[in-house]
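Student: Guided by the hints, dock chain B onto chain A, whose structure is given.
There are 2 protein chains.
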Amino acid sequence: MYPKPIQNLISIFLRFPTVGRKTATRFAFHLLNSDPEEIDRLINELHTLKSSVHTCSFCYRSLEKEKDLCSVCEDKSREPILAVVERETDLISIEKTKEYKGYYFILGGNISPLKKDDLKKIRAKELKSRVENPKKYEMKKIKEVILATNPTTEGEATALFLERVLEGGSVKITKLAKGLPVGGELEYADEDTLSSALRGRK
Amino acid sequence: MYPKPIQNLISIFLRFPTVGRKTATRFAFHLLNSDPEEIDRLINELHTLKSSVHTCSFCYRSLEKEKDLCSVCEDKSREPILAVVERETDLISIEKTKEYKGYYFILGGNISPLKKDDLKKIRAKELKSRVENPKKYEMKKIKEVILATNPTTEGEATALFLERVLEGGSVKITKLAKGLPVGGELEYADEDTLSSALRGRK
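Sequences listed follow chains A and B, in order.
So the number in this note's numbering is just where the residue sits in the first sequence, counting from 1, plus 32.
So the number in this note's numbering is just where the residue sits in the second sequence, counting from 1, plus 32.
Extracted from the complex, chain A is given alone in its bound form (with noise of 0.2 Å):
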């Protein structure tokens, strides 16, 4: 129906979260009629966010220039305590609630319940040599590992994973209340509800 490049670019819009063919179809005739000028902003920005991105070496943030810790885990009197999330976006709206002094670790994703492959989505291993070595990554020795992975199916499942991975170390693991909406994802959270979570943890 469409010219090739047109169905192309709706397919990869198609696999854009929460999008639709209807969207993925809006998307690509919006970028069809906009200036040139747009789509070369887009192409530049794709190859910034490919060269020049990096992830914080402990908690796997996005940082701009090469530097190896971000803001959080340069903070050396932050509190003994390691929150889990599932996104970078997760970590943003934890720190907005201002509720939470301790540093963060970022799993890159959940685990389906059903799918087996999911589990090298995560960076089960990864987090499990930050609890067990913090001095390798001459970070603090963690007390509490919080793990706040969403309020939905895939998250329990990883939540249940991971205290798995974690069991029998000293290390206290706890969850987030359950004062989250549930079936809701945690980057949609109000602050309130998000602050009465994280006070609620058990």
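Derived from the structure by calculation, the hints contain no laboratory data.
Among the hints, a few may not be true.
[Stated by the list, open to error] Derived BS3-like pairs: lysine-lysine, alpha-carbon spacing no greater than 30 Å straight-line:
id	chain 1	residue 1	chain 2	residue 2
1	A	Lys36	B	Lys108
2	A	Lys97	B	Lys54
3	A	Lys36	B	Lys204
4	A	Lys82	A	Lys160
5	A	Lys54	B	Lys168
6	A	Lys36	B	Lys82
[Claimed, not checked] A few chain A positions that, by computed beta-carbon distances, are all more than 10 Å from chain B:
id	residue
7	Arg47
8	Ser109
9	Arg110
10	Pro145
11	Ala156
12	Lys172
13	Thr184
14	Val197
15	Gly201
16	Leu230
Model, not experiment: these values are computed from the prediction.
We put the CB at the ideal spot given by N, CA and C, even for glycine.
Tutor: For chain B alone, kept in the frame of chain A given last:
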């Protein structure tokens, strides 16, 4: 809050239709977390879009190769009616009804009743030229122009403006019947609603 390249990407996605800040952020992180090959694919498709997509010299529909006319405009057996639509996706929606056997003209947008600059955003002059001088485009004489803009404030303002642009000629001007849900958009109409709107035009 986020590194500069991610913030820039978010600003670009914010200009996509229907996209707010949360969604734009998710899109940026989707790309950040996807395979480098996926980003390369997107970059390649954007280059292809810029270089290889042309538009039909009569109706402005997108064409892959350097063909002059699209399959509809090439078809000399169609009726001498011209449906004026805002976007290419509207053309596709009308074709799908199989109710309409005329030609099309894509305006490339609509005009807001309040923004004078918008007048340059649509192809009003180009439309007038095609209706008044069909021979110049090797097209048969158009007997009727259907102003098939969206039944929104902007779409109605656009139709009103085009009526004035085309007035004085011998061509009959019609509009789609208001069987369309008012306030909605043509692209999302189901085929039956669109069919009856075509039949009941006045």
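Student: Taking the numbered hints from earlier one at a time, note which ones the structure violates and give those numbers from smallest to largest.
Tutor: 3, 5 and 7
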